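Below, each chain spelled out in residue letters.
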Amino acid sequence: MNDIIIAGIGGQGNILLSRVVCQLFMNRGFDVKSAENIGMSQRGGSVVSYVRVGDDVGPIVPDGRADILIGLEISEAARSINKVNKNSLIVLNDRFVRPKNSDLKKQRILKFFEENFPKLYIVNAHTIAFELNIPKAENITMLTLICKKGILPFSKEEILKALKQVLSPRMYEMNKILVEKIYERY
Amino acid sequence: MKKVLMGNEAVAYSLFINGVNVAVGYPGTPSTEVIETLKNFQDDDFYVEWSTNEKVALEIAAGASLSGARTVATMKQVGLNVAADPLLSLSVVGVEGGLLVFVADDPGPHSSQTEQDTRNFARFCNLPVFDPSSPKEAFELIKPAFEISEKYKLPVLFRMTTRVCHSNQSIEFEFKREKRKIKGFEKKPDWVILPALSYKKHMELEQKLQDMKKELSAYNKVEGRGKIGIVSGGISYFYVKEAIKGFEDLFSILKITVVHPLDEGLVLEFAKDKQMLIFIEELDPVLEEEVKLILFENGKFIPTYGKRNGYVQFAGELDVDKVRDIFHKIFSDRRFLAKNTFTDVLQTPKRQAQLCAGCPHRSSFLIVKYAAKGQDVIFTGDIGCYTLGFAKPISTTDTCLCMGASITMAQGIKISDCSKKVIAFIGDSTFFHSGITGLVNSYYNRHNITICILDNLTTGMTGFQPHPGTGKKIYGKEGRKVSIESLVKGIGIEKILVIDPYLSFAENVDKVRKFLNDEELGVIVFRRECANLKSRESYFKINQNCSKCKVCLEVTGCPAIDEDENGKLFIDSTLCNGCGLCENFCRYSAIEKVMVK
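Chains as they are written, first to last, in the UniProt record's numbering: chain H, 1 to 186; chain G, 1 to 597.
These are calculated hints, taken from the structure and not from any lab test.
Heads up, some of the hints might be wrong.
One-sided excerpt, in silico: chain H residues whose CB lies under 10 Å from chain G [what the hints assert, rightly or not]: (1) 36; (2) 112; (3) 118; (4) 124; (5) 133; (6) 136; (7) 150; (8) 169; (9) 171; (10) 174.
Here are the computed lysine-lysine pairs in the DSSO-like style, where the Cα-Cα straight-line distance is at most 30 Å [stated by the list, open to error]: (11) H:181 - G:597; (12) H:136 - G:245; (13) H:161 - G:39; (14) H:156 - G:2; (15) G:136 - G:201; (16) G:201 - H:105; (17) H:161 - G:541; (18) G:548 - H:164; (19) G:136 - H:148; (20) H:148 - G:201; (21) G:548 - H:100; (22) H:100 - G:350; (23) H:181 - G:472; (24) H:181 - G:534; (25) H:181 - G:593; (26) H:86 - G:322; (27) G:421 - H:136; (28) G:245 - G:200; (29) G:350 - G:421; (30) H:105 - G:2; (31) H:111 - G:472; (32) G:534 - G:593; (33) G:548 - H:106; (34) G:597 - H:164; (35) H:100 - G:369; (36) G:322 - H:164; (37) H:176 - G:3; (38) G:541 - H:100; (39) H:86 - G:136; (40) H:164 - G:593.
All of these numbers come straight from a predicted model, not from anything done at the bench.
Glycine residues also receive a C-beta, built at the ideal position from the N, C-alpha and C atoms.
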């Protein structure tokens, strides 16, 4: 079974990303279940999504069980470390939004991840999305980069198919260009 | 077709497929997506709307149902309190076309004032309640829920919790709508509730509950043959299934989907050969109490573990690890302990929910705060995004109780602590939901308070639903627009001020200060579209003039402003919405505008 956690802050498109990941697995013939926090935490708060491949389970990944942790924001990824184990694959977006009233340092968190997880990848989705002038699309930028690097086993065609199924036609056209550009340039 | 559906979407799809004719609700997390999904469907015998509040919604549903339509009223658990009046009477009056009351409970709670349990409401108002465990199950239960409602002529509660509402599952189904003919309203003395009729109908209601027990029992089921019995339902059922992995032989599960009314037969059959019973459920011990009562009435004694003897928590959510912890406590078996390598080593502090960058409410709160400086003021708050006005450094919300209570609590405070100035804050959607009656009361009874209506032209917290002040109906089509100013004037209040919180801060403070000078009842409307509804035209950055005085950050608390590891202030160019509020507080011309290409 594959258990995936996506952690980030409200407004980063966490939930949409988890929808696309669900669709990707479903298109490969798997049953999927997922859960997400929305509402009060929607804007500016922590948002965690769980994607579980398999049907006869609850929607929340138990402690220490996640196979993959995707961090759209570094300190939010740190918040979810009780869900992973030493063999988990960790993918972090190089973006740090310090929780207010904390002395949390980006470097300290990165050092912790580097020391504890042999399978750690850092991608610069935030910078790339900003460079491509769609700062709000760091979610799909992140997914595209992860797949392009072979971290998740989905092709460009599969990504586009899933995006088409999940997004509105207008949003799809925007994201299609984004995915194409990333495959060309990065 | 096969589709990944969120629990609420699954409910909406199933409602439409099963011929719902009228769908009404008021938005509230975690219930909102049912109506949001239904609005995408169209048919000549289907109507959907956002109503002004839950009581209105349920009464519309009641009228439609008496005319023979299949109907649903959707709300969150605290919304059910608002709709409690019609619901309790409707349980006595009864229905004609199937009527479902969809209620989303919020254990945790994630975004609610209370953790109340709608299963208890079902016991309270004598109605059957369905409690699905997954989106797929919710999808499948809508049809029988309608059928039960129509067969027994009673409303049926369809209760889900956040983790079912907001989880997604792949579901295979045929998208084909069942067409039903609506027979129309038939006059009957039954529809007029009077005390004598109410007594008669109450007896009938009790009989109906007895009659439907066996039929409803079919939706409950037993799994496994172990001697340790677990009684569970809702999302907790899946936590149990995962927690007993590897030990399945020891356990058997009684999964209860319809907890009220509960059939004795199934419970007694299940308990027959059990060494003990463990109750795993969130919120109130409803399964525990119902099952224990049946056992007691039938002279059976079995050791039990649940909330009543402290093994299961009353407050908050459960999960697989918490359920394993409960088993560990009961059996002292270390194999149930979670294998957790990492706990919160970095001690990541809680990220407080806060008003978005560029939120017009931040500015409105600060205008009032500055205008009232030096005076003894109490600020009453209300339910919505702007409840976050309590957070530092804005700190202009001293109370928050329930929808509409800012206006009425302000009056109570003014009566009892009359030396203070009392200022109430309420959002536009909440004002229409339940602020108006309080406003009428303040005029009628001469309560001299100031009411600030924070009008961001949408229902922001739940995802931008329209309301009477927007004039847009659910599909975006033109409805009629209710003008807040005309409404206030219509009541008789003449002291009104309308302010754009994005315009000059100093001028706005001046205007509000003058407004607050006399003690008369008055209304200030702060009007500016929610920052999330418009794409930004500019954002701001901090240049080399910055003296690191941090006033911009400390006054506004804007989430886009922060200091880096060297104590240098910066504005996060992705988060900033270009409202320019911070610029008002910078004495060094260090904040400059960048236009978006």
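Tested hints:
1. 36: holds, 6 Å
2. 112: Interface hint status for residue 112 (chain H): holds (6 Å vs cutoff 10 Å).
3. 118: Check failed: Cβ of residue 118 (chain H) comes no nearer than 13 Å to chain G, outside 10 Å.
4. 124: Since chain G brings no Cβ nearer than about 13 Å to residue 124 (chain H), farther than 10 Å, the hint is violated.
5. 133: holds, 7 Å
6. 136: holds, 8 Å
7. 150: violated, 24 Å
8. 169: violated, 14 Å
9. 171: violated, 13 Å
10. 174: violated, 12 Å
11. H:181 - G:597: holds, 19 Å
12. H:136 - G:245: Judged against 30 Å, a Cα distance of about 41 Å means the pair is violated.
13. H:161 - G:39: holds, 25 Å
14. H:156 - G:2: holds, 22 Å
15. G:136 - G:201: violated, 35 Å
16. G:201 - H:105: violated, 66 Å
17. H:161 - G:541: With a Cα-Cα distance of about 38 Å, the restraint between residue 161 (chain H) and residue 541 (chain G) is violated, given a limit of 30 Å.
18. G:548 - H:164: Between residue 548 (chain G) and residue 164 (chain H) the Cα gap is close to 47 Å, so the pair fails against 30 Å, i.e. violated.
19. G:136 - H:148: violated, 33 Å
20. H:148 - G:201: violated, 67 Å
21. G:548 - H:100: holds, 17 Å
22. H:100 - G:350: holds, 9 Å
23. H:181 - G:472: violated, 38 Å
24. H:181 - G:534: holds, 26 Å
25. H:181 - G:593: Roughly 29 Å between the alpha carbons, so the hint for residue 181 (chain H) and residue 593 (chain G) holds.
26. H:86 - G:322: Holds: residue 86 (chain H) and residue 322 (chain G) sit about 22 Å apart, inside 30 Å.
27. G:421 - H:136: Distance of about 43 Å is beyond 30 Å: violated.
28. G:245 - G:200: Distance of about 51 Å is beyond 30 Å: violated.
29. G:350 - G:421: Judged against 30 Å, a Cα distance of about 34 Å means the pair is violated.
30. H:105 - G:2: The given pair, whose Cα atoms are some 45 Å apart, is violated under the 30 Å limit.
31. H:111 - G:472: It is violated: about 52 Å lies between the C-alpha atoms, which goes past 30 Å.
32. G:534 - G:593: holds, 18 Å
33. G:548 - H:106: holds, 21 Å
34. G:597 - H:164: Given pair residue 597 (chain G), residue 164 (chain H) holds - Cα atoms ~27 Å apart, limit 30 Å.
35. H:100 - G:369: holds, 22 Å
36. G:322 - H:164: violated, 39 Å
37. H:176 - G:3: Within the cut-off at roughly 21 Å; holds.
38. G:541 - H:100: holds, 19 Å
39. H:86 - G:136: violated, 34 Å
40. H:164 - G:593: Violated, at roughly 36 Å.
When each numbered hint is compared with the structure, violations occur for hints 3, 4, 7, 8, 9, 10, 12, 15, 16, 17, 18, 19, 20, 23, 27, 28, 29, 30, 31, 36, 39, 40.
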